[in-house]
Amino acid sequence: MFEGYSLAELGSIFAMQGFAGLILFSVFVLMALGLAIIFGQMGVINMAHGEFMILGAYVTYLCSTLVSQHAPALFPVYFFVAMILAFIASGLLGMLVEWGMIRFLYKRPLDTLLATWGLSLILQQIFRSVFGAREVGVVLPDWLMGSVAVTDTIEVPINGLFVMALTMAITVVIYVVMFRSRWGQGVRAVMQNRTMAGAVGINTEKVDRYTFGLGCGIAGVAGSAFTMVGSTGPTSGQLYIVDTFLVVVFGGAQSLLGTIASAFAISQAQSTMEFFLSGSTAKVLTLLTVIVILMLRPQGLFVLKVRR
Amino acid sequence: MKQAIQSGSPFRVTGEMAGVLLLALFIVVVLPLGLDTFRLNMVGKYLTYAFVALGLVLCWGSAGILSLGQGIFFGLGGYCMAMFLKLEASSPEATKIQSTPGIPDFMDWNQLTALPWFWEPFHSLTFSVVAVVAVPALLAFVVGLAMFKRRVGGVYFAIITQAFAAILTILIVGQQGYTGGINGITDLRTLKGWDIRTDEAKLVLYFVNAALLIGCILLCLYVRHSKLGRILVALRDKEDRVRFSGYDVANFKIFVFCFAAALSAVGGAMFTLQVGFMSPSFVGIVPSIEMVIYCAVGGRLSLLGAVYGTLLVNWAKTLLSESFPELWLFAMGALFIGVVMVFPNGLAGLYQQYLAPHVKRALSRGRTIAPAPASATTSAIVPPHTAAD
Amino acid sequence: MSNPTDYLLAVEGLTVSFDGFKAVNDLSFYVDANEIHVIIGPNGAGKTTVLDLICGRTRASGGSIKFRNKELTAMKEHEIVKAGVGRKFQNPSIYDDLTVFENLEISFPRGRSVFGALAFKRDAEVRDRVAEIAEMIFLTDHLDQRAEYLSHGQKQWLEIGMLLIQDPELLMLDEPVAGMSVNERKKTAELLNKIIQNRSVLVIEHDMKFVEDIAHRVTVLHQGKILSEGSMERVKNDPKVVEVYLGH
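Protein chains in written order, with this note's numbering: chain A, 918 to 1225; chain B, 81 to 469; chain C, -14 to 233.
The shape of chain A in the complex, shown without the other chains (with noise of 0.2 angstroms):
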C-alpha cells in the first residue's frame, strides 16, 4: 500500500495524518474521560453519554449564535464562557439523571445500559424538535482559524492545537480532581467500600450524584470541543458511543492512563491506516483488532491483579 509514494511524501503522511489522529485523539480522550468515570469509578454503563456530550455542543452553537448576534465584540473570547455552560448544562441534566434513574439501577448493570439506551433516544428526539435535524456548526473566531505551517509539506490547523491544549488541561484538571483532593478521595471511598464509606461519614448518595454529574459535565465539554472539528446533529453522539467504550474497557475500566492511552493507540491507528485504505475498512480493522486484544486481555490494558 505504499507505493508510489517517496520516503518524504511518507513522512509528511504519517505527520499530517499522525496530527489528524491527533484531533480525534483528543475528541475521544475527552469523551471517554466522562465515561471512565461513570462507568470505571461507579461501574455504571451510559449508554446516554454521547447525548451529553451532544448537548454540549448544542449549548457551544447557541452561544456562538447569540454572542455574534448580540455582542459581536466578545465573539472572540465567546468559546471559554460556551465551554463553562456546556459543563454545567450537561453536568446538571447528569445529576438529574442519576436522582431520577441511575440510582435505582445500580446493582443491575444490564438494565442501567437499557434504561439510558432509552434515555438517548429521548433525548436525540429533544434535539432534533428543538435544533431540528439538520447538522449545525459554530463559526469560529478568525484566530481559531488558519493553520501553522510547519514545513513545505506538513501543516497544523489551529483549532486542532487548540483542542489539544484544552485536552491537556482538561485531564490534569481531573487527575487532581480525582486522585489528589479528599473529595476524589471520598468517591474512591464509596466506590470500594459503599458501606464503610456511608459509616464513617461520607455522604455517599450525594458523591453518586456528583461524579454522575462530573462525568456527564466532561462529556458536555468534549461536545464543546466537538464543534471545532465536526457538525453537530441530533444522532452525533451515538456514532461515538461504541467507539468510547471501547476506549474505556481496551485501557482498562479503572485506569485513567489506560484510557488515554488507549484513546491513543486507537485514534492513531485509524487515521493511519485511513489514509491508504478506504474509511470503514480502516475502522473495520480498528474495532476488530480491539475486540480481538479485549478477548486475549478481557481487563484491558491497565489493570491491577486483586483478589477475588
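Since the hints were derived computationally from the structure, they do not count as laboratory data.
Since this is a predicted model, take the numbers as computed values, not measurements.
The C-beta atom is built at its ideal place from N, Cα and C for all residues, glycine as well.
Don't take each hint at face value.
Not everything, but these chain B residues come out facing chain A in the computed CB check (under 7 angstroms) [to be verified]:
(1) 108
(2) 232
(3) 239
(4) 412
Calculated pairs, SDA-like style, for lysine to any residue (alpha carbon to alpha carbon, straight line, at most 20 angstroms) [stated by the list, open to error]:
(5) C:67 <-> B:331
(6) C:194 <-> C:223
(7) C:7 <-> C:47
(8) A:1024 <-> A:1127
(9) A:1024 <-> B:229
(10) A:1024 <-> B:331
(11) C:61 <-> B:423
(12) C:179 <-> C:7
(13) B:125 <-> B:292
(14) B:229 <-> C:43
(15) B:229 <-> C:44
(16) C:179 <-> C:163
(17) C:55 <-> C:-8
(18) B:229 <-> A:1205
(19) B:318 <-> C:134
Given chain A, put chains B and C in place with the hints provided.
Just chains B and C now, with coordinates in the frame of chain A:
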C-alpha cells in the same frame, strides 16, 4: 402429588401448552381472518422479529447473557436467503442488458465482472437453507468461544456484541460490490420459479412463518424444561457454584448464544422471503437493541410473552410512525426506561401478578381439581403463585 | 517435589501473590484419607485463598497441589470437581430461582456436558438419590420450595447437600456454621459428623468449640504461613498461637 411435580411439573407444562395453543390460534386463525393481505403480511414481518425475541428470552432472560448484536444473526440469516433469491433473479436472460449478464445488478453497477467466490454456492437452495442457520451459528460459536472461554461477560459482552454489529454494518455498507451496500439486496422475485411477490405467495409464506415460529417455541420450551434450561438459570444466579459443581460453564453459554443466533437467523430468512429484500438497516446497533426491547416488553423470562411483546411494540411503532413520527422515539425511549424501572418482567410479569389469579379462580370454579392453568408465561423468576401450589 | 505421596491431598510450597502482596507464602500441608483437617487463623490469614487455590478459583504463582498424585494447579475448575474435590463457599451459594429439588438435581453428577444436560432424564435413580440427600440435610419437606425462601441455615445445609450428591473424596467447607443459630449449629455438627464418614474433609472454621468437636488435625494459618500444626490440644497450648489470637 409431590412425585408428580418432581417428575417435570406436568401441571405447568399443561398450562404452557394451553398458552402455545392459544397463541397458535391467534396467529394462525384469528389474525388471518381479521386482517387483509397487506396487514397480514405486516404481521408476518413482525413475527420474524419474534424469533429473535425467543432467542433473547433464553440467552438474556434465562442465562443472563445480554447480546446487543442479535441483528447480526437476523441479518446474516436474511442475507443468506437473499443471496439465493438474488441469484435466481439474476439469470443471464433476465439481466442481459447488463455489461456482465448473469450477475446481480448491483455488482454490475459496481464494475464487477464475475460472481465473487463466496456467492457461488448460493446457487443451491439446499446449501442456502443450511447456510441460513449454519453461518450465523458458526459466527456465534466463534465469538462465544473467544468470549466465554475468556470469561468475558455482563456489560463487556454486551458492548462487544454491539461493536460487532457496528463492524458488520460498516462492512456491508462499505463493500457494496459484494453486498449491495446500504440498499441491501433488493428486487427478489422467485423461489425455484415460484413468484414470492403475489398475494397468494404472501399468504402461504405467512403460514409457513407462523408454523416455524410455533415449532421454534416448542423447541425453546423443550430446552427450557431440560436440565440444560435449569443450568442456564443457575449460572445466571451463581456462576461459580455451577462451575464448582463440575460444569464447564463456558460451553453452556456458547450453546445458548449459538441457539439464539440460529433462531434469529431463521427469522431473518423468513423476513427476506416475506418482505422481498434484506438490508444493513436490520443488522446494526439500533435494530439490534430494539430487538431487545421486544423481548423486554413481553417479559424477558417468558417465551410467549416475547412473541406478544414483539407484536405489540411493532404494532405501536407502525401506528405511531404513521401518524406521529416524532412521538415514536419518545415512546420507544420511555418504553426502555419504563420496562426496566417499573415492569422488569414485562407483560408476562403483569399477567402473572394481576390476571393469572383471576383466570385460575375462574377455571377452578368449573372443575373440582384445578390444574393450575394458563401459566404459560410462568418462568423461573416471575412467580410463586403457580409452581409452588 | 514431584515424588508420589500416600496423602490424598499434598500441598507443597504453595505461593500466590496479589500485586506483590503474598497472600499465601510457601505453604505446605497434607490431608490423609478419611481425615478431618481444620484450618483456623485470624482474618486475612489466607484461609479462603487456600481453598480457592485448591479448587482452581485462583491460580497459584508457585508450588504444587496434588490430589491422589494428580497435579491440580494446571486443571480447570470443572475438571478438579470431576477429579473428586467438592467445595462449599463461605456465603451460602445456591440457586435462588430454582427449587430445592432442582438445586440438588443440578449437582447430581450426570449429564454434565451440554448435550448430556439436554438429554438428561429425571429417572428413579435421580429422584431416589435426591430424596436420600434431602433427608440427610433435613429438607425433605422443602423439596418443591424455591431455594430463595429457605432460612440462612437451611441454605447452608442445601449447599452441603449439593456437594454430598456429588460424593466427593475431598470435601472443602468454608465456615459451614457461620451465621447459624445455636440449634442449627447443633444440627449441622450432627450433619457434618454423618457426612464425613468415608471421605476427607478440609474445613475453615472460627468456632473453636465446633473445631474441637470434629478436628483430627488443625493447621493454624497466619499471614499466609503456617504458624502451628497438630492436634487441637497441641495447637491450643502453642504460645505462638495464643499470642496471635490474643494479640489481635
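For each hint, the structure was consulted:
1. 108: For residue 108 (chain B), the interface hint is violated, since the closest Cβ of chain A sits about 32 angstroms away, which is over 7 angstroms.
2. 232: Result: holds, 5 angstroms to nearest chain A Cβ.
3. 239: Check passed: Cβ of residue 239 (chain B) comes within 5 angstroms of chain A, closer than 7 angstroms.
4. 412: Holds, about 5 angstroms.
5. C:67 <-> B:331: holds, 16 angstroms
6. C:194 <-> C:223: With a Cα-Cα distance of about 17 angstroms, the restraint between residue 194 (chain C) and residue 223 (chain C) holds, given a limit of 20 angstroms.
7. C:7 <-> C:47: Within the cut-off at roughly 11 angstroms; holds.
8. A:1024 <-> A:1127: Answer holds: residue 1024 (chain A) to residue 1127 (chain A) is near 19 angstroms, not above 20 angstroms.
9. A:1024 <-> B:229: violated, 25 angstroms
10. A:1024 <-> B:331: The hint is violated at about 27 angstroms.
11. C:61 <-> B:423: Distance ~40 angstroms between residue 61 (chain C) and residue 423 (chain B) Cα, so the pair is violated.
12. C:179 <-> C:7: violated, 37 angstroms
13. B:125 <-> B:292: With a Cα-Cα distance of about 13 angstroms, the restraint between residue 125 (chain B) and residue 292 (chain B) holds, given a limit of 20 angstroms.
14. B:229 <-> C:43: holds, 16 angstroms
15. B:229 <-> C:44: Holds - the C-alpha atoms of residue 44 (chain C) and residue 229 (chain B) are around 16 angstroms apart, at most 20 angstroms.
16. C:179 <-> C:163: Roughly 19 angstroms separates the two Cα atoms, so the pair holds.
17. C:55 <-> C:-8: holds, 11 angstroms
18. B:229 <-> A:1205: Within the cut-off at roughly 18 angstroms; holds.
19. B:318 <-> C:134: holds, 16 angstroms
Of the numbered hints stated above, those contradicted by the structure are hints 1, 9, 10, 11 and 12, listed in ascending order.
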